[in-house]
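Assemble the complex: chain A is given as a structure, and chain B must be docked to it using the hints.
2 protein chains.
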Amino acid sequence: MANVKLSIYKVNGQDYEEFIQNFGNIVENTSLCAAAVWANRPFASFDALYQSFCTFIDDLPLHGREGILRSHPNLAGRLAKLDALTAESKSEQSQAGLNIITLEERETLEKYNSKYREKFGFPFVICARLNNKDTILKEIKARLANSADCELKTGINEVKKIMLLRLKDLTECGDAKL
Amino acid sequence: MANVKLSIYKVNGQDYEEFIQNFGNIVENTSLCAAAVWANRPFASFDALYQSFCTFIDDLPLHGREGILRSHPNLAGRLAKLDALTAESKSEQSQAGLNIITLEERETLEKYNSKYREKFGFPFVICARLNNKDTILKEIKARLANSADCELKTGINEVKKIMLLRLKDLTECGDAKL
Chain A
58 MANVKLSIYK VNGQDYEEFI QNFGNIVENT SLCAAAVWAN RPFASFDALY QSFCTFIDDL
118 PLHGREGILR SHPNLAGRLA KLDALTAESK SEQSQAGLNI ITLEERETLE KYNSKYREKF
178 GFPFVICARL NNKDTILKEI KARLANSADC ELKTGINEVK KIMLLRLKDL TECGDAKL
Chain B
58 MANVKLSIYK VNGQDYEEFI QNFGNIVENT SLCAAAVWAN RPFASFDALY QSFCTFIDDL
118 PLHGREGILR SHPNLAGRLA KLDALTAESK SEQSQAGLNI ITLEERETLE KYNSKYREKF
178 GFPFVICARL NNKDTILKEI KARLANSADC ELKTGINEVK KIMLLRLKDL TECGDAKL
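Residue numbers (our numbering), protein chains in the order written: chain A, 58 to 235; chain B, 58 to 235.
For reference, chain A alone in the conformation it holds in the complex (with noise of 0.2 Å):
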C-alpha cells in the first residue's frame, strides 16, 4: 500500500510501468485488467478509472470471467497457510478475522470451499474486508444454493467490490461509490 495517496493527476502522469505496479494487482492476479485499461487514459476521475476496469471486466468471454474469479485464493486455504498470498489479500482476509480462525473453523470453510469450488469450477470470492468469518461462512453455504449464472455475477460483483476498496487504499477516491 502506498503511504501518499494517488491524486487523479498523478494516476495520468504516470508511465506505464508505474501505472501496472500501482494497479496491476486492483484485480487480484490478473494484471492483464490494468494493462488492458491504460488505454484509457487520461481519466477524467477516479470513477471513469474503476468503470474502465469494470467494463473491461464485463466484456471479457465467459471464461475469462470464470478466470477472473479462479485468480483469487481460497479464503483461509492453502495459500494462507503457507504465508503465500498477495500483500492485498493478506491483509483483507486479516481484517475479516481469518488469521485468527480455529482448527474447527478453518476445517468448515475449506469443506465448504471444496464443495463450491467443485459445484461452479471456480472458487468462493467474497469481499472480506466486507465481512467477517461469520457472515463468510453463513454466505458461502447460502451461495452454494445458486445456479452458477448467478454465482459468476456475484462473484464477479465481490471483485469489483474488493477493487474498490483496493483503490481507495492507493488513491485519492474516497469519493468514489460503492
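Relax, there's no trap hidden among the hints.
Remember, identical chains collapse to one label, so a pair may be satisfied in a single copy or spanning two.
In silico lysine-lysine, BS3-like type, Cα no more than 30 Å apart, as pairs:
#, residue 1, residue 2
1, Lys172, Lys67
2, Lys138, Lys67
3, Lys67, Lys168
4, Lys176, Lys67
5, Lys138, Lys172
6, Lys138, Lys195
Think of the hints as simulated: they come from the structure by calculation, not from any bench.
The following block gives chain B in isolation, referenced to the frame of chain A:
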C-alpha cells in the same frame, strides 16, 4: 522449463494450481489466459489446448488484446538490462542473440522500440526464437510503417508463435503445427 515433457494425459490430470504453474506464463505475464482456458479441460489433444488459448485471446475485447502485447517486455530493453525478465523471455532473447548485443545495436533497438510504442501504444512483439538480432531490427523498422490494426494483428500472431514454442518446451506437443 520442465525436464520431463508432459503428455496430454498428464496435463488433463493436473489440478488447477499445477496447470497454472505450467501454463500461467505460456502467454507472457498473462496468467488469465491459462485461468480461462482451464474451463476447456479435458483437452482432446495439444492442438485443442493450443487452439483454446488462441480462441481466448482472439475473443478478448480490443483493449485486452492490446493489454496482452503490453504485458510483453521490450526486446533488449530495461528489464533485460536489469536481469528482471521472466525465465522464458530471458532464454528466448538469448537464443536470438540479444544478450550479446553491442551498445550501438542496443541503442538502435531502443530508439525503434520507443518509436513503435509511441505510435501504437503497445510494444513491438516478435517471436525472438524464430529470428535473430538482424531480422528483428529489420522487422521493427518495416512494421513501424504499418497501421495500428495491422500491428495488433501481427503482434498477436507473434504471441501465438511464442506460445506454441513454450508449449513445445513443456509438453510432448511436437506434432502441433506452427
